[in-house]
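Trainee: Top line first, the protein sequences correspond to chains A and B. Under our numbering, the residue at position 180 of the first sequence is numbered 661, and the numbers go up by one with no gaps. Under our numbering, the residue at position 29 of the second sequence is numbered 510, and the numbers go up by one with no gaps.
It is worth saying that the hints were derived from the structure and are not from the lab. Values in this document were obtained by computation on a predicted structure and should not be read as measured data. Glycine is no exception: its CB is placed at the ideal position from the N, C-alpha and C atoms. Hints are supplied without guarantee of correctness; some may be wrong.
Stated by the list, open to error - Not everything, but these chain B residues come out facing chain A in the computed CB check (under 10 Å): (1) 603; (2) 632; (3) 827.
As the list claims (entries may be wrong) - Stretch by stretch, here's where chain A covers chain B in the computed footprint (C-beta under 8 Å, at least three residues): (4) 522-534; (5) 689-701; (6) 735-741.
Number of protein chains: 2
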Amino acid sequence: MTGVRILTVGVAELAGRDDAAGLAVARALRADGVPVASRAVVDEDEGALEAALGPALEGGGVVVVLAPPGGSGGDIVRRVLARLAGVRLVLSDRLLDLLAADSARRGRALPRRLERLALLPQGAQLWTAPDGLPGWALEARGALVAVLPLDAPDLSALVEQHLRPAARDRAGAGGVALVSLLRTAGVSAADAEERLAPWLGKEGPVTVSCLVVDGEVWVRLLARAPSRAVAEAALIAAGPAVREALGTDCYGVDGESLEVVVGALLRERGLSVSTAESCTGGLVAHRLTNIPGSSRYVERGVVVYSNEAKTDLLGVPADLIRAHGAVSAPVAEAMARGACRIGGTACGVAITGIAGPDGGSPEKPVGTVFVGVASPAGVEVRRFRFAGGREAVKWQSAQAALDMLRRALLA
Amino acid sequence: MTGVRILTVGVAELAGRDDAAGLAVARALRADGVPVASRAVVDEDEGALEAALGPALEGGGVVVVLAPPGGSGGDIVRRVLARLAGVRLVLSDRLLDLLAADSARRGRALPRRLERLALLPQGAQLWTAPDGLPGWALEARGALVAVLPLDAPDLSALVEQHLRPAARDRAGAGGVALVSLLRTAGVSAADAEERLAPWLGKEGPVTVSCLVVDGEVWVRLLARAPSRAVAEAALIAAGPAVREALGTDCYGVDGESLEVVVGALLRERGLSVSTAESCTGGLVAHRLTNIPGSSRYVERGVVVYSNEAKTDLLGVPADLIRAHGAVSAPVAEAMARGACRIGGTACGVAITGIAGPDGGSPEKPVGTVFVGVASPAGVEVRRFRFAGGREAVKWQSAQAALDMLRRALLA
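Bound-form chain A, shown alone:
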């Protein structure tokens, strides 16, 4: 069975939210046991798209193309796919009606020059959406190509109503590949391989391997079977022992990021949290509040970049900062206690460090970060030294802080 390939038409070297739509599609397919072989951002260029799409069709599986409905990206997709499928572009009256209706909803007539958007490769099937732009699908060289409108409000409806059933049908025919990913924190790849020695490289209904993702070790359990039921049973049989070997270093499964896991622990325990961030600049609060329902346990947060802000907002004594420096264990501890006090919360997360590229010293080089975590178990402070650029240091600091809070809540 070939995994699905997802191609987003855009700018390969620049992105805002990076490939959020491609990720969302990949996760939806994964939930059905449909493996995703690759997810790419392809330059909005006819040659680049043809070079990427041509080989993707050869596999004979499912290819998803996410393209902006306006602009020139959609034109390129239509032309390249028609050429690869060896068919002509024909005007779809039904699509023209839908485009006109979409314009009308925004109080406009469809401009003449946008009528070209109703051109589709001959044989393409429209995938309509409840109220918005449709997608379309085409059989080409034995593969099913689904073209979905990027950034459209109805993208998730198109995925649910059309793509997921179509991909399940194709994937089901050749057998099912179910994957379970065990995510860990605080473990090196070498340590994980040692603990997983009984399973790594062994034949069996479930294959176990170690991946490294953003510096974290993730353990993958892969079950290939003729049916979903058999694959599920194999994962259920093998999973617990592997997870046991990882102990509390395994923080979650599949899409369970640290912010999801920490949020669930806070809800279970009826606790809430306040954040006090210096070098992470709001990243921890941003990640915690990405989770639906987080308003129940995120009380407030402060971003205290200046020393004055640390004193004003968190009550960190100016003397303490003078004596130890703003990047120090005593200040991290005072920030964590201050976060709890101002928010009236049982938990507080505090981060102060040097994200770089400037500001380092021989005693405290760039990447030095102190994390303080307050919880009903007490206050803990740890010193870290992270590698990489500014954003990498911010990310690793946030991971360390969330993981410390998780372990404190489990204690």
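Given chain A, work out where chain B should sit, using these hints.
Mentor: Frame of chain A, contents of chain B only:
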């Protein structure tokens, strides 16, 4: 000339910082006028990697593979590349020494089972790093494949010292493609196409096209020429008129995100900013503080999820919240003024809205967001209605807030 393809070996459907390393490599190449055709995350699976790498080699250009040095990802890359190049894997004594030195730096001996990491396809050239794991390069089927260690501290040194010169050499031989991207805010694709009608679809030394990236319209100017000097001259000749047509809706060029542009404006004007975020939960502060040197103009920020936090930290009157609701124009305005007051800054950004999926009402459906911006030009509040899921609403809210501050600073 074929654009470079970048492949990161990982998990296509799950990511933490998504493909940060791939993006960094793409941007470094772009700075040299080397076009990037695609950037993909390929599943850590031998079949998936071979299906992606095989066709990538056919183009005869440069292929960059980012793979975790530990774990099984590196093994798969070595095996697949040796097979595609038709050579054997041989033990590199030099690489073995470097691996042992890397272990020694972390106070350990190299475990026997990690000696396999010193296997390389015959003919591979080591790319050494100042102090850390090396990368390697292989000529295969006419393409140059560079394999770099993902998440390694020395990745950027390897890119600078080895990849950039090698990619420039290859790209230079077939001519240069220079790209200039004009990023806009507050413009629809249809509006942009109308304003750019004199250039779109016209033949000439520079090709102009409209892309849509994360809901924003970006205008691409592409100059292909035998030499860098000719391509640069063509861009310099064509750029200003196109930018003029976009007016102040064009906020930046290439990698100039809104946080970069706003940061530069604040520095130029000697102003600083405080943030007050409800539904964005710290995203604006996080983005502003991603920029090196932002401590000079980011004073502080608060994440005020609860009503009490809005009153305590920003002095928003509880009566005002009761009368209008926390998601309202008067509260956004009071938050912006409060941010300036507590931070003692001339500028304040405030955001309050309903990110969803719950919390909407007929009058204020999910996606309703009020942004308040205070600056020396006064206080402005705008109401928005954004589409998409929770993270998409957060992102668009942050974009709108940063763009409003930018326009206020330009006024």
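Trainee: Please go over all the hints and tell whether each is borne out by the structure.
Mentor: Against the structure, the hints:
Nearest Cβ of chain A to the Cβ of residue 603 of chain B: about 24 Å, over the 10 Å cut. The hint is violated. At about 5 Å, the closest approach between the beta carbon of residue 632 of chain B and any beta carbon in chain A falls short of 10 Å, and the interface hint on this residue holds. Using the Cβ-Cβ criterion of 10 Å, the hint placing residue 827 of chain B at the interface with chain A is not satisfied: the shortest such distance is roughly 15 Å. Restraint check on the segment 522-534 of chain B versus chain A: 9 residues with Cβ-Cβ distances below 8 Å, three needed, restraint holds.
As drawn, the segment 689-701 of chain B meets chain A at 11 residues by the rule of a beta-carbon pair under 8 Å; at three or more, the given contact holds. Taking a C-beta to C-beta cut-off of 8 Å, the segment 735-741 of chain B contributes 3 residues in contact with chain A, enough for the three needed, and the coverage statement holds.
Checked against the numbered hints listed earlier, the structure breaks hints 1, 3; every other hint is satisfied.
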